[in-house]
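Student: One line per chain: the protein sequences are A and B, in this order. When the count follows the working numbering, it moves up by one through the first sequence with no breaks and lands on 232 for the last residue. When the count follows the working numbering, it moves up by one through the second sequence with no breaks and lands on 1328 for the last residue.
Any given hint could be a false lead.
Taking lysine-lysine and the BS3-like style, the derived pairs with C-alpha atoms no more than 30 Å apart in a straight line are [unchecked claim]:
id, chain 1, residue 1, chain 2, residue 2
1, A, 86, B, 1244
2, A, 113, B, 1244
3, A, 113, A, 86
4, B, 1148, A, 115
5, A, 86, A, 194
6, A, 86, B, 1148
In case anyone wonders, no lab produced these hints; they're calculated from the structure.
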Amino acid sequence: MNGAHDLGGMHGFGPVVAEPDEPVFHTEWERRAFGLTLAMGAWRRWNLDMSRSAREQMLPAEYLATSYYEHWLFGLERLLVEKGFVSPEELARVSRGEQTPREPAEVSAKVKEGALRPEGVLPLLHNRRAARLGDPVPPKFEVGQVVLAKNMHPLGHTRIPRYVRGRRGVVAIDHGVFIFPDTHAASENTKPQHVYSVRFAAQELWGPEASARDSVYVDLWDDYLEVAP
Amino acid sequence: MSDHDHDDDHDGDPHHGDHGDHSHGHSHGIDDPSHPHNAPLSDLQLRVRALESLLTEKGLVDPAALDELVDTYETRVGPRNGAQVVAKAWTDPAFKQRLLADASATLADLGFIGRQGEDMMVLETTESVHHLVVCTLCSCYPWPVLGLPPVWYKSAPYRSRAVIDPRGVLRDFGVALPEEVEVRVWDSTAELRYLVLPRRPEGTEGMTEEELAELVTRDAMIGTGMARAPEAAPKVAP
């Protein structure tokens, strides 16, 4: 979707200001929102593309006015309701900040089979379950070939940024076969296909005022590309 | 619109009553007096606590696992990992060759594996080519070697400008690149994660890997900075 998350090439956000000696988290709620997102992800009721897609549903004005972990929280809450973990009424109470009363039992006694436990954290983070697939799908393009990024505007999740659509590039690297995010964000359909680093000259993207030397490499899937006319 | 106008839009908006938590999502400094940091309990804090209490009572999360996740990225996984890799590449040509040819396998041999680092590429910055990494669509970042990304990396100013004005972004970081150096920006739109191998600073001959690692900043491994000159580095404990 053509959402506010697709920021490449926009103007007006001001300079990049780095915070000296920045902590990993700034507040306790950021720590917990991060932990909750990974811990609930461990139930595997949604995949990474679905998580990104959920965050992208935020209204553009809200997206631009809120911080990164607020995007995560928004996406998590949306998926929790969508997948039936939490009812809309329960979520409304959460939004009002209402705590769920604690039942007298020990916390550890309540934890369901399948929930992430402390000893499961390292295996979870170290798993090699990647987006790379072993499917023997032939590449549609070869290194060195001139390609055109399609002029496409899907309503659903996509990873082709607006600033390359309709632009010519050269295939620089064939990374192999990967899950296709556009279908994977909507279902478990992985639609295996090649991903390439495509080199776009800065002047092709931004016009003759841009540097003649510089370029942007964008990782793009077969379905985003066509043979340049 | 400046960043400040942007923030002022929040005034009077009931959904954004607490500025203390919101300030970090923007690019202004943390000392902005209009954003107090001592607010008792923000809406967000209450909301996240409420969510955790709900999910805990449902038996869906174990708060101890959350503690473990947070602790992992606060104390164990961070840019020191990447700095070790860079220092090793500076001192061991065979390792560097393997790292550039097959980063995923070479990093896995060192134990730097896992989430947001499953498929890695290492980009070597040279005298004539400077690499810069961004994720314009979200915040993709190589967690096993750099930890979690800083706020600026995830924020609109960097994500919007890195691709259209990389040299301007570098100037924001105090890096003035000569015109004859080629800039290559890598937008992490897929599941490949990129680590920049910065240039080894001059005057570091004879330094050990540990000493060299002290010169490797996080920003140098993203491409928004250079490795530090030896005299600018903190003294290494004997």
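Student: A separate judgement is required for each hint: does it hold in the structure or not?
Tutor: How the hints compare with the structure:
For the hint linking residue 86 (chain A) to residue 1244 (chain B), the alpha-carbon distance of about 27 Å falls within 30 Å, and the restraint holds. A threshold of 30 Å between alpha carbons decides the hint, and for residue 113 (chain A) with residue 1244 (chain B) the separation of about 36 Å lies outside it, so the pair is violated. Simply put, residue 113 (chain A) and residue 86 (chain A) have alpha-carbon atoms about 21 Å apart, close enough for the 30 Å limit, and the pair holds. For the hint linking residue 1148 (chain B) to residue 115 (chain A), the alpha-carbon distance of about 8 Å falls within 30 Å, and the restraint holds.
Restraint check: the Cα-Cα separation between residue 86 (chain A) and residue 194 (chain A) comes to about 23 Å, which is no more than 30 Å; the hinted pair holds. Taken as a hint, the residue 86 (chain A) and residue 1148 (chain B) pair is honoured in the structure, with Cα atoms around 15 Å apart against an allowance of 30 Å.
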